[in-house]
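Dock chain B with the ligands against chain A, hints included.
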Amino acid sequence: MIKKLIPVYENQTPLVVLELIQGHKISEIMSRNVVSVKPDVTMREVKLMMKDRGISGMPVVRQKRLLGIISVEDLLNALEDGLMDDSVEKHMSRNPVILEEQMPVSFAIDYFENYSFNRFPVLNESKELVGMLTDRDIIMHMIKVMNGEIGRLEELAKHGHHTEIGNVIRRYAVVQNDFKNAGKASSEIKALLQEHDVDRKIIRAAATAIYELEINQVVHSLGGEIVCRISDDHVEVLARDRGPGIKNIDLALSEGFSTATDWIRSMGFGAGMGLPNIKRVSDDFRIKSSESGTEIKVIINLPEDS
Amino acid sequence: MIKIEDITGALSCTEYNKNTNFCTEPVKHVAASDLMSEVLVAEEENLMLITALNTEQTIRTAHIVDALGILLVNGKTPQPGMVRLAEEFDIALISTKKSMFESCAAVHSMLNGEND
Ligand SMILES: Nc1ncnc2c1ncn2[C@@H]1O[C@H](COP(=O)(O)OP(=O)(O)O)[C@@H](O)[C@H]1O
Ligand SMILES: [Mg+2]
Numbered sequence: 117m118i119k120k121l122i123p124v125y126e127n128q129t130p131l132v133v134l135e136l137i138q139g140h141k142i143s144e145i146m147s148r149n150v151v152s153v154k155p156d157v158t159m160r161e162v163k164l165m166m167k168d169r170g171i172s173g174m175p176v177v178r179q180k181r182l183l184g185i186i187s188v189e190d191l192l193n194a195l196e197d198g199l200m201d202d203s204v205e206k207h208m209s210r211n212p213v214i215l216e217e218q219m220p221v222s223f224a225i226d227y228f229e230n231y232s233f234n235r236f237p238v239l240n241e242s243k244e245l246v247g248m249l250t251d252r253d254i255i256m257h258m259i260k261v262m263n264g265e266i267g268r269l270e271e272l273a274k275h276g277h278h279t280e281i282g283n284v285i286r287r288y289a290v291v292q293n294d295f296k297n298a299g300k301a302s303s304e305i306k307a308l309l310q311e312h313d314v315d316r317k318i319i320r321a322a323a324t325a326i327y328e329l330e331i332n333q334v335v336h337s338l339g340g341e342i343v344c345r346i347s348d349d350h351v352e353v354l355a356r357d358r359g360p361g362i363k364n365i366d367l368a369l370s371e372g373f374s375t376a377t378d379w380i381r382s383m384g385f386g387a388g389m390g391l392p393n394i395k396r397v398s399d400d401f402r403i404k405s406s407e408s409g410t411e412i413k414v415i416i417n418l419p420e421d422s
Numbered sequence: 014m015i016k017i018e019d020i021t022g023a024l025s026c027t028e029y030n031k032n033t034n035f036c037t038e039p040v041k042h043v044a045a046s047d048l049m050s051e052v053l054v055a056e057e058e059n060l061m062l063i064t065a066l067n068t069e070q071t072i073r074t075a076h077i078v079d080a081l082g083i084l085l086v087n088g089k090t091p092q093p094g095m096v097r098l099a100e101e102f103d104i105a106l107i108s109t110k111k112s113m114f115e116s117c118a119a120v121h122s123m124l125n126g127e128n129d
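Which chain is which? The protein sequence lines are A and B, in order.
Sequence positions in the first sequence follow my numbering and run 117 to 422.
Sequence positions in the second sequence follow my numbering and run 14 to 129.
Hints listed in this document are in silico derivations from the structure and should not be mistaken for laboratory results.
Positions of the beta carbon are idealized from the N, C-alpha and C atoms, including for glycine.
Hints should not be assumed to be uniformly reliable.
[Said to hold, decoys possible] Between beta-carbon pairs, the in silico distance windows are:
hint	chain 1	residue 1	chain 2	residue 2	range
1	B	Ala23	A	Arg268	48 to 56 Å
2	B	Asp103	A	Asp349	26 to 34 Å
3	B	Glu56	A	Asn234	58 to 66 Å
Isolated chain B (complex conformation):
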């Protein structure tokens, strides 16, 4: 079971918000996009969002799909208001210096590794 906590470790992330389930709830699916309507296509539960979009709309989108957390890539730091909203909606918010491609590959192999 991969938790946001594990991803934070594996990708050397900065933590901006730890949600209540940070260390307990498993990530089972990932939606990766910089366009929010593409994220809203996802119908799975236990989602994590990987994106380079660092606006409040990222948090709002994650909230709609009940995502556990958001991984910001390319070293993006949250824009003002983002952390407060992440706290309000209890969504994990972490950021890595790695690119979208590297991050997706790493998380993908973590999730796949556990299915083997």
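Looking at chain A on its own, in the form it has when it is part of the complex:
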């Protein structure tokens, strides 16, 4: 395995960390109020702007189109050669390496690893400049998500190890096309319910529902999460993903309907029985979906003496 600067590997890194970097888009973490300059501004003016704002590079833009990047290094060169009255256009670096706002944060991390730049311009689908991304933005994002995650873990730890069911919460990140880890939520919840001597049929129902939800996120979504809450009298499973959503829910719920490709079928999925299976085994089933994601909430009751 190639030694990387940032030790993140598909198969060794904890899911929460993968989720951190693959589950968020650059558009969520970039700075949007970009200070840019027009190409005809002089190097002298640029020097003042950078000094005032304490930044080391600026995008050069004409009508939202990115023309290049002007950096402190370019300024120093111009200063040395006495060319400070030249326009920025003459000294900027053209064809800068750019990021796109829809890319996952993991792309940006790779870029920072592979290039020596401190900042990357971010373009939208129409190739317009919409933001800038610095390594600082990534660090801030990581710290923010980590805070939330650790808070959650502390909350869980406070409740100690449970000998009784009653408010066990488990959250699983699901990564697109990650067939390797699909099914882990289902197995873990199954093991938990077995420890509490829940009836076999009910365990089977819960494991089936969670598994089909995991697989659907792996196969059909851009990734998401599964949150399982076990209380005294029911198991609640909430599956949320980041899109692209289900176009026709009634059709998707009908037996045998599937948009799976041949490739997915060769992996054992795409029978079009997933959603019908989930519905069949659950006591309550709710689904909503839009382009920004699908949310399915399922309840499986735990009878009193189980």
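Just chain B with the ligands, lined up with the frame of chain A:
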């Protein structure tokens, strides 16, 4: 009573994992498919799974339906990780060179034979 052990013999299977009940627990039902959601439709107990799908997801699916074992057909060998997972979940894992059709026919007549 047909056990996984008997099926192993009848179909000249290679054994990749012997579960604890390999020689004792009877197979009463079979789910045969290469698509895992079709297996999850089954509601019976004492199931055996017959499939050509040799991924870890096969084991995970078998585990969900509490299957006793998995018979891989068409001479499929388990992919890495499959045997370890079969051991962890205590699920028998055997493989035959016979086709899906031949395997199903053979197991079907074994199960039927005992009902006569
Ligand atoms: N999380 C999801 N995001 C987007 N589409 C989904 C999702 N889950 C299900 N679908 C759509 O609903 C269809 C039916 O799902 P399902 O019954 O599980 O069958 P299958 O997964 O075998 O295709 C899928 O083919 C897919 O088009
Ligand atoms: Mg499905």
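Here's how the hints hold up against the structure:
no. : hint                            : verdict
1   : B:Ala23 / A:Arg268: 48 to 56 Å  : 52 Å, holds
2   : B:Asp103 / A:Asp349: 26 to 34 Å : 30 Å, holds
3   : B:Glu56 / A:Asn234: 58 to 66 Å  : 59 Å, holds
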